[in-house]
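As a plain string of letters, each chain reads:
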Amino acid sequence: MSAATGHLPRVADERDDRPAGPRPPGFVATVATVLRKELLLELRTLESVPGMALFAVTVFVVFHFALNRNGVNGDEAAGILWVTLLLAALLGINRLFVADAEDGGFDGYLLAPVSRGALLFAKALALLLYLVVLELVAVPAFALLLLEPSLGPALPDLPLILLLGDVGVALVGTLVAALAVQTRARDLLGPLLALPLLVPVVIGGARASAPLLVLAHASGPQPRWPIALGLYDLLFGLIAYAVFDFLLED
Amino acid sequence: MTPSASRADRGGADQIPGQARKTALHAQGRHDRPAPNPYVRGLRPLSLATALAMTLALGMVFFYAPLEAEQGFLQKIFYVHVPLAIVALCGFVLGGLLAIVYLRTRDPRWDMRSYVAIHISLIFAVGTLITGSIWAKGSWGHWWVWSEPTLVSFLIIFLLYATYQPLRFAIEDPERQARYAAVFAITAGAFVPMNYVAVNLSTAYVHPRVFSSTSNLPGSMALTLLVSVVAMALLFTTLCKYELTAKHTRFQLRALRRRLLEEPA
Amino acid sequence: MAALELDGLTRRYGERVALGEVSLSLDTGQTLLVLGPNGAGKTTLLRVLATLLRPHAGAVRVLGSSLPADAWQVRGQIGLLGHEPLLYRELTPAENLRYHARLHGVGEQRAQEVLDAVGMTRRAREPVRTLSRGMVQRVAVARAVLHDPELLLLDEPRANLDPAGAELIEPLIQGAGDPARGGRPRTRVLCSHDPAADLAGADLVLGLRGGRPALLAPPGEVDGRAIAELYR
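Quick note, the sequences are listed as chains A, B and C, same order.
Letter by letter, the first sequence follows residues 11 to 260 of the numbering used here.
Letter by letter, the second sequence follows residues 300 to 564 of the numbering used here.
Letter by letter, the third sequence follows residues 6 to 237 of the numbering used here.
Please keep in mind that the hints were generated in silico from the structure rather than gathered at the bench.
Check the hints yourself; a few may be wrong.
Stated by the list, open to error - From the structure, some residues in chain A lie toward chain C, with a derived Cβ separation under 8 Å:
1) Asp85
2) Gly89
3) Ala111
4) Pro123
5) Gly230
6) Arg234
7) Glu259
Said to hold, decoys possible - Quick list of simulated restraints, FRET-style, between CB atoms:
8) Leu173(A) - Glu113(C): 31 to 37 Å
9) Leu366(B) - Leu170(A): 39 to 45 Å
10) His88(C) - Gln464(B): 31 to 37 Å
Note that beta-carbon positions come from the ideal geometry of N, C-alpha and C, so glycine has one too.
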């Protein structure tokens, strides 16, 4: 049997006592592994985040021409910001599982002795990170191009509201992405499924942000909106965790 | 011309006419007639009950319920719009519950029931939008108003569930199709109440509600509404049963055809 | 001890039968050779055994655990080499194997070892999409045996490989007496389009036709005519 090149060296000694194979990783370790792989792929290919950021800035320019305005504030500002971020997020959602679908990533993951939920969690975390990076570019761009009042007074509150909204978008986006990626019309179905489901995020996010972006006497958000966003995140987190397994198995 | 017994043994039972055929089929463990359609049971009494309930409801709407002072005769469309809305909402949630049962049992019949519940609810949702729009035009002058939370949340729900069938048809593998549809049905079913609350929150502080709240209705109106809701629910159930019957029959037909095609010559 | 016990395993695709009433028993350390034309259900059978597909009817026990209920118990002990290499094309072989190693709870050093064993040390740091099909196949073999599985499922392992490559991977996909595994025998299920080459190494031969078992016998009882009948 022993061809010289094919001869594998002996595996670690302590494993000889246990009849079963190596120890499978726990939930957190699995999430870390998948997240690492996701970020590695994104850094290598740069196919999601730069596109999302560029798209957002371009849309701001389009809005300037479409509305024929040099500056917006209040409800309008909140609306334009949230809609643009949402549409940019859809681009990221569309690409979330494409590499896995094309390169057999699902099978590779499902063959491992790991929990299915960890894949969902890791992908949602990755999408959340992409959204945060998107906003780090898009919000200053928005302040520069379209926002009339200065961003300063909005500052500690706006990022928090954006984060609350991002969590919801990440959860719904991961679920919808997993649903759409293995169908025929995946690029169309993804946005069609995601947008109605994300309407409450737009409601909560825009209503919460509007008072932060007014010209005079910018005030804090009404508490009901961040609370509503938080509840939405919680509810969708539970739903997603419950149903995700069924999308992966066969 | 009588075929030989050996032909029956080799599975040529289909060519034997008459009583001999039944015996031959039986000997092979097959039966001549498929099992009766379970959905047909109770269909006729249900249809009759529905027809009765709807007649009663209509009668009450036109002759028993009082004419509302502000909006006049047009207000009576409320007795169609609200029951449609209530039954549609319950139907969508029911579709989600049936989908949960499917995922637990993996029995495709539950998937079929979930599909039908959602399908009919979608039709009722369109009805809600149309009747709501007519009412808005009649009493507010516009075909669409953003200040009515029911109308707005139904628009969102309609847009969401309109993707249900495209989603199903975009998946070829039947088992995966049923599974993904079930996931959608559960997610969307849980979303329906969430969405209703969210939209209510967002419109409450913009305009007062156009339509009077259902909680402080005079007795006769409340009773009429109740009867209308019951009638609509019966209609929903009957339509579901009809569609399930039709689907089941088609399914049996396909199964028979498949069996015939797989028969050795 | 039986490594595989199938009793009436059935798997449908809509109304079509992908696998119909497959029953067999395979002991630890034995090799099952699966033959049949394209579309006969060989790949479906492998995927069911790999716990990727659940059986629609019948009983399946793999390494003592019954599927699909206890699939999670055996998942880490099964290795699958299918038609697809299951490698991310934009990552390097080293990165791919490290990822799989972590998912299986195996040390990263092992990833390097298997890469060396398949002769891919030099090209391990270039993206998979730049590699030839033969090289990709070798890395795929490395991925399949990375976690030292008790049950190895192979779907035409020598596809795309030149004779040198085939020779390289041969010791890795063998079942008996691998010193790296402390001499424990490894059970194998092998799908092949080349019965002549693989018949000798098999303990049991299963011939599938239209999803149904048309032939189930030890290799000694299988002659050329039976095989030809299968592919007719």
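Consistency of the hints with the structure:
Interface restraint check for aspartate 85(A): the shortest CB-CB distance to chain C comes to about 43 Å, outside 8 Å, so the restraint is violated. With a cut of 8 Å, the hint placing glycine 89(A) at the interface with chain C is violated, because the nearest CB-to-CB distance is about 37 Å. About 11 Å separates the beta-carbon of alanine 111(A) from the nearest beta-carbon of chain C, more than 8 Å, and the hint is not met. Given the 8 Å rule on beta carbons, the hint for proline 123(A) holds: about 3 Å separates it from the nearest Cβ of chain C.
At its closest, the beta carbon of glycine 230(A) sits 44 Å from a beta carbon of chain C; the interface hint therefore is violated under the 8 Å criterion. Interface restraint check for arginine 234(A): the shortest CB-CB distance to chain C comes to about 43 Å, outside 8 Å, so the restraint is violated. With a least beta-carbon distance of about 7 Å to chain C, the hint placing glutamate 259(A) at the interface is held under the 8 Å criterion. The supplied range of 31 to 37 Å is met by leucine 173(A) and glutamate 113(C), whose beta-carbon atoms lie about 34 Å from each other.
Checked against the hint of 39 to 45 Å, the C-beta distance between leucine 366(B) and leucine 170(A) comes to roughly 53 Å, which is inconsistent with it. Distance hint for histidine 88(C) and glutamine 464(B): a CB-CB separation of about 32 Å, consistent with the stated range 31 to 37 Å.
Checked against the numbered hints given earlier, the structure breaks hints 1, 2, 3, 5, 6 and 9 and satisfies all the rest.
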